[in-house]
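There are 2 protein chains.
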Amino acid sequence: MHYLEQYPGQNVLITGGLGFIGANLARRLVDLGAHVTVVDSLIPDYGGNLFNIAGYEGRLRVNIADVRDPYSMRALVAGQDVLFNLAGQVSHMDSMTDPFTDLEINTRSQLSILEACRQVNPTIKVVYAGTRQQYGKPRYLPLDEDHIQAPTDVNGVNKLAGEWYHIVYHTAYGLRTTSLRLTNTYGPRQLIKHNRQGFIGWFVRLALEGKPIQLYGDGQQLRDLTYVDDVVDAFLRAGVNDHANGAVFNLGGAAPISLLELATLIVAIAGRGSVELVPWPEERKKIDIGDVYSSHARISAVLGWQPTTPLQVGLTQMIDYYMRHFDKYVTP
Amino acid sequence: MHYLEQYPGQNVLITGGLGFIGANLARRLVDLGAHVTVVDSLIPDYGGNLFNIAGYEGRLRVNIADVRDPYSMRALVAGQDVLFNLAGQVSHMDSMTDPFTDLEINTRSQLSILEACRQVNPTIKVVYAGTRQQYGKPRYLPLDEDHIQAPTDVNGVNKLAGEWYHIVYHTAYGLRTTSLRLTNTYGPRQLIKHNRQGFIGWFVRLALEGKPIQLYGDGQQLRDLTYVDDVVDAFLRAGVNDHANGAVFNLGGAAPISLLELATLIVAIAGRGSVELVPWPEERKKIDIGDVYSSHARISAVLGWQPTTPLQVGLTQMIDYYMRHFDKYVTP
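One line per chain: the protein sequences are V and D, in this order. Quick note on numbering: the first sequence equals residues 1 to 332 in the working numbering. Quick note on numbering: the second sequence equals residues 1001 to 1332 in the working numbering.
In isolation and in its complexed conformation, chain V is listed as follows (with noise of 0.2 Å):
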C-alpha cells in the first residue's frame, strides 16, 4: 500500500505539533483523513504559535502541554498509532547560556517519552528530529550517517542523546523508532521572531523589514536546505515504514548553497533588504564549523525519499507566506 493510504483513520500524536515542522505535518495529516493531536507547550520563546494551525482548529486535538511532563506524556502516547516526536529545544546559543533547560527537553523527556512507550504503548511507532548538528565540524562532504558524531554546543550533545535513547529502545526492547536528521529546514511557519533558531527565517525577516542580512567573512559557507513539505514528506514515508526501525537517515537537502548566494537570492525575491559582509565576531568564530551539508542517499535508498522543491520555489512560496501574516509571527 503506498504510504500516503496508510494514514486515513490512524491516530497520530505531534509532539511540537504547533510549531514549525510539528504543524506542516499536522495540517498534512488531518488533510489525509488522519486523527491528529498536537502537543505544545507554547513556551514563548520557542517555535509554538496557534495560528500555525490557522483554519485547521477544528480538525484536530490540541493538548497543551511540555514534554518535561512524564504523567501528560504517558496520557498522550496511550492509544496512538504513531508519534512524530518533533519537540525540542533548538537553538544552540540558548544551550550554552541555559543547558540544563535544553538537557531537560531534548534528552530526559525523550527518555520519558520512550518509557512511557514501552510502558502503556510498545507498537507505536516513533519517529524523531535528529539534527545535523550532531556531527559538529565535517571530517568529509557530504555528511553521510556514518560520520562521526563530535557535537561543538550543548544542543548537539543533547539531541546526540535523545535520537540514541530511541535507537536504543528498538535494539533492547523492538520499540519501532527512527530518526530523521534534520538539515536546514525552511518554509511557511518557522519562527522568526528572534535569531536564535535558525538563520534562514532570519534572513527572510530582515530582508521584509528592508534591513541588512549581515554575514560574516565571505560568506562562501556553504549550507543545504531542505523545504518544510519536502521534510513532512520524509515524515510520513518513516511514520508507515518498517525498514526503518532502528535506523537514522539524514534529511540532506539538494546541492548545497553559499549564505551570500542564499541572502542574495532572498533579497531578490522579497524585492527588499540588502546583504553586508562584515567580519567574524570572536566567540563565534571559535564555534564555526566550516562547510556544512548531507547526503541523502540512505534514504533515498531506503524510504524513496528525495527532496523536490526547487529552492526558489520553496523561497517564493516562504516569503509569500510572511508578506501575508508578517504580524502573526513578529510581536510589533
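Check each hint, because a few of them may be wrong.
Partial pick of chain D residues on the chain V-facing surface, computed with a CB cut under 7 Å [claimed, not checked]: (1) PRO1099; (2) LEU1111; (3) ASP1146; (4) ILE1148; (5) GLN1149; (6) THR1152; (7) VAL1154; (8) VAL1157; (9) TRP1164; (10) TYR1165; (11) THR1171.
These are calculated hints, taken from the structure and not from any lab test. Glycine included, each C-beta is placed from N, C-alpha and C at the ideal position.
Position chain D relative to chain V; hints supplied.
Positioned in the frame of chain V, the structure of chain D alone reads:
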C-alpha cells in the same frame, strides 16, 4: 618536567574517589605528595568502599557528597588544580531498569560539574572517565577513537553525553578537559559484591568461592583488559598534559583474550572454582556486542602511555588482594 614530578603539592579532587579506580588513583597521588580530596556518595550498590583507602585515612580528605548535588560540587571544585572525574553509575543493566538515575548521575551531574568549573575555577584541569561502551557493537577492530559511537544501552548513551559535555566545554570555553575511554579495568579494590559492574571482579569472586564461572556460548568472545595501575598511570599523565586538552583517548589493553581463556586463568591462579559453558539467555543475546577490544595507539603517541602490567601478574595481585580482604568486599 616528568609528569610524576608535577603532582607534589597539587590540589587534586577525585569524584568517585572511594570507588575502584578512584581509590587506587587517590592512594597513588597521596604517595606522590598531592593534596587529595575524594568525593563519594557511598551509594550502597555502587563501588565506593571506605576500606579502599585503608591506611590512607589521615593522609587525604574524604568528603561524602553526591555529584548530583550542584552546590556541593561547586564548593568542592573551587581551589583545585586537577579534577579526576570518575563518579558514575557503571552498571549497564541498572541503566535499563532505572534509566533516569543513570541520566542524573552520568549526564546531568557532568554538566553541573563543568558549569561549576567554568564559573568558579576556569583554569582547572579535568580528566573524565569515559567508556568503550560508547562505541556499541564494533564495526571494525581494534576500536579506535574515530569509530562511530552507537551505544546499545542507556548507560552508553548517558556516558557519551557526559563525555561530550567535557569536549564542548573545551571547544567553547577553553576548559582543559580530557576523556579517557576505559575498557575492562581489573585489579584490587574493584566491586565484587554483585555481578552488575563488569565481569572480571565477578569471575574472581566466583573462583574464590569455589563456584563455577558461567560463560555464554563457546566463551570465545574477545576482550581487552587493563590493570588498574596502568589506568591510574594514564590519568596521571593526562592530568598534567595540555596536549590532551579537548581530546579523547582509548585506554585499550594489551593483546585481547577470550573470556574462556581469562576464566581458565583466574581459576588456575585462584586454585579454586571452575568454568562452565552455558547457552545464551535470550535477553542477553539481544544486546551482546561480540568481540570488543580497542587500540591505544593515540594515547601512546600523545601521552606516551602503554599498558605495562602482564595479565598473569595483574590477576595474581588482584586475586591475592581478595584472598586477604574478601570480607571487606562481600557482605556475608
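Evaluated hints:
1. PRO1099: Given a least distance of 5 Å, the restraint on PRO1099/D holds.
2. LEU1111: holds, 5 Å
3. ASP1146: OK, holds: ASP1146/D within 7 Å of chain V, min 6 Å.
4. ILE1148: With a minimum Cβ separation of about 6 Å from chain V (threshold 7 Å), the hint on ILE1148/D holds.
5. GLN1149: holds, 6 Å
6. THR1152: holds, 5 Å
7. VAL1154: holds, 6 Å
8. VAL1157: holds, 4 Å
9. TRP1164: The hint holds - TRP1164/D has a Cβ within 7 Å of chain V, the shortest such distance being about 4 Å.
10. TYR1165: This interface hint holds because 6 Å falls under the 7 Å limit.
11. THR1171: Since chain V brings a Cβ to about 5 Å from THR1171/D, closer than 7 Å, the hint holds.
Consistency with the previously given hints is maintained throughout, with no hint failing.
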